[in-house]
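K.L.:
All chains should be modelled from the sequences, with the hints used to inform the complete structure.
4 protein chains.
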Amino acid sequence: MSGNGFGTLFRFTTFGESHGPAIGCVVDGVPPRIPLSEADLQPWLDKRRPGQSRHTTQRQEADQVKILSGVFEGKTTGTPIGLLIENTDQRSKDYGEIAEQFRPGHADVTYWGKYGIRDYRGGGRSSARETAMRVAAGGVARAVLNALVPGGVVIRAAMTQLGDLAIDRAAWDWDQVNANPFFCPDATSVARWEDRLNAIRKDGSSIGGVVEVVAENVPLGLGAPVYDKLDADIAKALMSINAVKGVEIGDGFDAATLTGEQNADEMEIDEQGNLRFLSNHAGGILGGISSGQPIIARMAVKPTSSILTPRRSVDIHGKMVDVRTKGRHDPCVGIRAVPVAEAMMAVTLADHLLRHRAQCG
Amino acid sequence: MSGNGFGTLFRFTTFGESHGPAIGCVVDGVPPRIPLSEADLQPWLDKRRPGQSRHTTQRQEADQVKILSGVFEGKTTGTPIGLLIENTDQRSKDYGEIAEQFRPGHADVTYWGKYGIRDYRGGGRSSARETAMRVAAGGVARAVLNALVPGGVVIRAAMTQLGDLAIDRAAWDWDQVNANPFFCPDATSVARWEDRLNAIRKDGSSIGGVVEVVAENVPLGLGAPVYDKLDADIAKALMSINAVKGVEIGDGFDAATLTGEQNADEMEIDEQGNLRFLSNHAGGILGGISSGQPIIARMAVKPTSSILTPRRSVDIHGKMVDVRTKGRHDPCVGIRAVPVAEAMMAVTLADHLLRHRAQCG
Amino acid sequence: MSGNGFGTLFRFTTFGESHGPAIGCVVDGVPPRIPLSEADLQPWLDKRRPGQSRHTTQRQEADQVKILSGVFEGKTTGTPIGLLIENTDQRSKDYGEIAEQFRPGHADVTYWGKYGIRDYRGGGRSSARETAMRVAAGGVARAVLNALVPGGVVIRAAMTQLGDLAIDRAAWDWDQVNANPFFCPDATSVARWEDRLNAIRKDGSSIGGVVEVVAENVPLGLGAPVYDKLDADIAKALMSINAVKGVEIGDGFDAATLTGEQNADEMEIDEQGNLRFLSNHAGGILGGISSGQPIIARMAVKPTSSILTPRRSVDIHGKMVDVRTKGRHDPCVGIRAVPVAEAMMAVTLADHLLRHRAQCG
Amino acid sequence: MSGNGFGTLFRFTTFGESHGPAIGCVVDGVPPRIPLSEADLQPWLDKRRPGQSRHTTQRQEADQVKILSGVFEGKTTGTPIGLLIENTDQRSKDYGEIAEQFRPGHADVTYWGKYGIRDYRGGGRSSARETAMRVAAGGVARAVLNALVPGGVVIRAAMTQLGDLAIDRAAWDWDQVNANPFFCPDATSVARWEDRLNAIRKDGSSIGGVVEVVAENVPLGLGAPVYDKLDADIAKALMSINAVKGVEIGDGFDAATLTGEQNADEMEIDEQGNLRFLSNHAGGILGGISSGQPIIARMAVKPTSSILTPRRSVDIHGKMVDVRTKGRHDPCVGIRAVPVAEAMMAVTLADHLLRHRAQCG
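Residue numbers (the UniProt record's numbering), protein chains in the order written: chain A, 1 to 361; chain B, 1 to 361; chain C, 1 to 361; chain D, 1 to 361.
These are computed hints drawn from the structure, not numbers from a lab.
Pairs count within a copy or across copies, as identical chains cannot be separated in the list.
List time: in silico DSS-like cross-link candidates among lysine-lysine, alpha-carbon distance up to 30 Å:
| id | residue 1 | residue 2 |
| --- | --- | --- |
| 1 | Lys202 | Lys326 |
| 2 | Lys319 | Lys75 |
| 3 | Lys326 | Lys75 |
| 4 | Lys47 | Lys326 |
| 5 | Lys202 | Lys47 |
| 6 | Lys47 | Lys75 |
P.N.:
Pasting the structure below:
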């Protein structure tokens with residue numbers, strides 16, 4: 001209720017600052033007897049971990065997650081799961097200027113204005129470091145979904161646009177996503193993206209991007225209309241990720257340009273006697289409830305605000321200053337947002353799966 | 001918690017189906033001693049009311065809101081405000097086919113799949129009729145904002161796109177919004193929109209649109225990071241509106257194409273010694289907290305799913321059918337979503353204003 | 001979250017003042033396809049209704065409950081159930097003195113101090129009239145419990161003490177409860193209670209009492225440790241009823257005087273191979289989770305604060321006054337609290353039943 | 001929402017089992033700029049720590065609390081406060097029998113029945129060890145109350161009854177509470193209590209008790225009627241403590257025996273022109289809202305279920321067994337519940353202070 005937790009029944013609450021001793025979270029509401037170990041969570045954290053290519057920040061964080069509670073003899077017990085990651089790469093340095101200046105595009109000025117105090121070291125609480133715990137909680141959510149949904153739920157994300165360079169959707173290949181440092185599903189775009197990002201990094205600049213996340217094999221019926229529609233909660237989940245400025249479900253903003261005839265997803269009964277949709281403009285959600293089709297969401301990520309070019313700003317004393325952000329930053333934070341988007345989709349679906357089970361059995 | 005309420009401290013919960021005896025809501029958490037009467041709520045309901053031009057559904061609903069509690073001698077008492085609107089235009093008719101068929105694009109199939117039962121009359125709970133209570137609750141929220149924020153908060157929305165016809169943003173004039181039946185802020189677009197909509201209506205078709213909502217004079221500091229960021233809650237609020245498929249804050253999806261230099265909103269100290277931003281790509285929110293700039297959000301509304309052209313579908317018996325939706329429908333539901341978008345912005349801001357006051361005094 | 005709702009998944013929110021046009025509530029989270037009609041709710045309201053004997057207030061309220069939504073063709077649809085009771089017996093009168101005076105033992109002084117405004121007519125929101133909606137919501141909860149728990153859940157309450165006159169527990173007979181105007185389960189106590197209450201009423205005085213509520217056939221497993229223990233939520237539920245000052249589970253305060261040997265409820269396997277407890281000191285709850293034994297709770301109800309004898313007090317102007325409460329009041333509010341206690345037990349169990357189903361399937 | 005957190009705005013969520021690597025919690029919603037360090041929390045933990053006299057369990061737990069986040073340069077930042085206590089006294093031992101047997105009076109049987117899995121080591125999640133985190137969170141709540149309420153809020157608890165040995169209330173002296181190992185406020189009772197407890201311990205038995213907690217200087221106005229009444233939330237808070245079976249506010253169950261004349265707390269205006277109550281039967285709460293008088297609550301604690309005398313029970317295989325609980329146990333858990341009661345009062349008041357500030361400014 002106080003802003004640092006997400007979910008109603010599958011609910012996790014995170015804590016920790018970028019440069020404090022540790023970050024952590026509590027995942028509450030996990031069903032019992034679900035197989036879970038640190039080995040189930042670590043791969044997702046490794047995927048998000050910085051420093052894996054020259055296209056992400058060169059900070060080195062081991063991001064070793066520890067399970068402190070809630071798991072006994074390899075299975076969840078139904079009690080809260082405490083997760084902890086110690087911060088190991090806290091470079092000791094002089095924060096002199098940054099401590100008093102508001103970096104444009106960052107949360108410095110609003111945290112200061114809201115709280116009158118601010119842990120300025122590495123962005124403090126507003127650092128993307130917090131997203132590591134989302135990914136850890138997302139790992140728990142995946143375990144829940146896979147245990148409760150026959151056949152498991154497949155949640156995958158990819159970058160579909162780097163700056164203005166959009167992929168060729170016809171060339172989409174999920175196997176490509178982990179074969180390049182951009183989580184790009186279109187092999188033909190990789191070289192262009194690499195050139196663009198090299199130029200951006202060389203300039204000390206940054207660039208935005210678009211991430212698409214798809215959840216397959218989601219059962220029909222998830223979502224609690226009217227205000228906790230599944231798409232409303234996905235929108236909140238994705239918009240809560242650092243630097244995200246837009247969220248779409250299915251055709252998203254393109255749907256505004258369609259006619260009713262174009263937009264309607266027709267239905268038929270297939271050979272096996274099952275309901276089949278002939279298209280998926282809706283992105284798998286109708287009236288706030290999952291339809292059984294793949295759930296498709298997209299999010300727009302703004303460019304990293306930390307850039308080398310000086311920008312006009314002010315400091316806490318009300319003086320005008322020029323701010324130039326040195327340090328190790330992602331030229332495109334959208335890249336590392338890919339596993340975070342997957343995680344937020346996973347926790348949202350796990351929560352609604354339990355909510356649906358509560359009401360409808 | 002069960003899906004039909006919105007907000008944490010300023011919280012409203014709605015009930016009611018399209019063709020039941022009444023719809024209503026409870027608004028809880030309203031501060032005491034705020035002037036409020038039915039006359040403060042009715043104008044917003046009138047703005048949303050159908051049948052006001054030939055471009056919206058010809059259903060006639062008086063939508064007279066009654067305050068049943070929580071107001072004493074013209075002021076709120078701090079106790080819950082019960083609001084009720086009786087449904088007066090419930091045409092008695094044979095629902096025969098519609099009762100058993102799933103209209104493509106509608107929530108028929110998912111309600112049926114989720115609940116195994118469905119009030120099919122007029123869309124039941126999934127009808128846009130529910131949004132009348134959002135607008136009523138939004139009226140209460142406006143009263144709260146105006147009482148607690150010096151100078152009041154101005155919340156206005158407009159349609160910025162009808163199908164693929166976007167307005168000329170340079171011609172934006174708020175005074176135009178209520179001067180045409182489309183809530184269009186650009187006088188030069190009105191004629192084109194009218195032609196388009198006449199054609200759409202004549203074809204028994206429908207079209208989508210984009211709505212932009214702007215909140216001015218919002219104090220710096222609203223928003224509860226990390227998961228209840230102000231933009232995350234606005235995204236949820238807007239995405240929960242019927243037919244919305246996308247939400248943007250500030251530059252939204254365009255931000256993905258910018259560089260860090262372009263996107264950064266620089267700051268300076270103005271002549272009065274106050275902080276001033278030189279641009280507003282962020283849409284008034286940084287790190288999930290309002291910055292004092294205007295808050296700008298947009299939402300994409302899909303075309304009305306009720307169209308005259310037959311579409312392929314199935315019925316509750318698993319048989320394939322052709323569905324053709326007769327009746328009185330909005331050719332562009334985006335139009336009537338304009339006051340709803342304002343209302344959802346208002347309730348979100350009122351909630352976060354109280355949350356901010358709780359934590360930060 | 002704002003104080004006028006109860007429950008997490010089975011959640012109801014009430015509104016309305018004693019002398020406003022109506023009171024009502026929204027029950028959200030009800031599972032679909034559960035048979036429900038006004039006829040299922042009315043008997044519980046009738047049981048609570050005043051004016052049925054000379055031992056309760058002579059106010060006449062028909063308390064006819066209307067279902068406004070959420071039920072279709074005799075069954076719940078999974079959407080929120082709106083309930084409304086119109087206030088019919090609002091005697092028009094001069095509230096002159098009462099409007100400005102704080103009645104000792106009443107919430108007048110604290111409402112005024114908290115809100116700075118107060119609907120003084122008949123106690124406004126703090127009137128026991130609000131409990132009618134608890135009883136209505138409790139009726140919905142009973143329907144849920146009976147539909148989901150094989151064999152149904154039996155929830156019954158009785159008065160076990162009137163002032164210092166305790167029943168003879170050995171004479172407990174549930175059939176007696178509805179055979180006397182005190183919900184007294186011990187036929188041998190009725191005459192004594194009647195004498196006492198006649199004397200109290202003649203004096204214009206009032207007296208307290210104790211109510212015991214028992215829930216049978218509650219499945220093992222309900223309760224969400226650690227903070228939402230089933231007994232913790234029952235304690236909150238009962239303590240939230242007007243005039244309640246104490247709550248016990250099982251042996252309650254007597255447990256403080258026992259040794260571990262006396263208190264331990266031993267277990268065995270019965271002839272059918274089922275777990276059987278040999279005693280029930282725990283009141284059916286261990287570690288916050290129902291054990292399958294009957295759940296037993298008690299609550300202490302203070303004497304009605306409205307009495308004829310003048311009491312020293314102050315008014316809103318800070319002047320000292322003598323207050324004497326005329327009007328139609330219950331000499332023992334404990335009596336009419338009996339069906340309210342049942343209702344609060346029912347809603348708490350229904351909520352935890354859904355919560356358990358969510359987490360444990 | 002999932003049971004392991006408490007509070008709406010000042011909200012803490014705990015995790016950890018008795019014999020896991022650590023226990024911890026997240027305190028969310030703390031106002032910014034409040035002085036806080038580990039030194040503010042440790043004394044309360046030390047007060048609760050076992051092994052301080054021969055009257056409590058001889059387990060040795062250092063209970064050193066670490067603040068992992070949310071505090072910067074000695075002050076809270078408004079971000080979540082992560083707290084961690086490593087478990088140091090986890091005796092490695094064979095849990096053979098206990099692993100499969102249900103100890104009477106313990107949560108073994110209900111955890112097993114609810115979850116189908118159970119961390120049996122030292123009681124797992126149902127161990128009173130969890131209360132250490134309540135005490136730590138209570139320390140944060142005290143800091144909040146002292147920072148926001150002029151003059152600070154004084155919260156103190158004492159044991160008022162050991163078994164059937166009640167204190168002489170006329171001899172109440174708060175200074176005595178920390179001068180004996182029983183938190184007994186009546187010096188004349190200490191010797192008798194010591195004799196009784198020595199006998200109990202010698203027998204390997206246990207005994208219950210009653211704890212009273214008093215909060216002074218609580219401002220008028222805290223509490224959110226109707227369902228989140230201050231007394232309702234205190235009742236939940238105290239009833240959620242391990243082994244508590246009853247809760248009273250003010251006169252509690254004695255109020256049931258009073259007449260309206262006896263129970264009414266009369267009011268006057270004192271020499272300074274302030275409202276003064278002439279008695280406090282209500283325990284400082286009227287209509288669910290604090291009245292400015294001391295808040296008085298009591299809780300009944302059952303005897304420790306772990307005793308040496310064999311008790312009849314069953315095991316997870318459905319076989320009947322005799323259970324005899326060896327190990328280091330508190331002969332009267334009521335003693336160590338004293339600082340826990342204080343903590344739960346503190347967190348409840350801190351939460352309602354913020355809630356009141358939100359609604360009423």
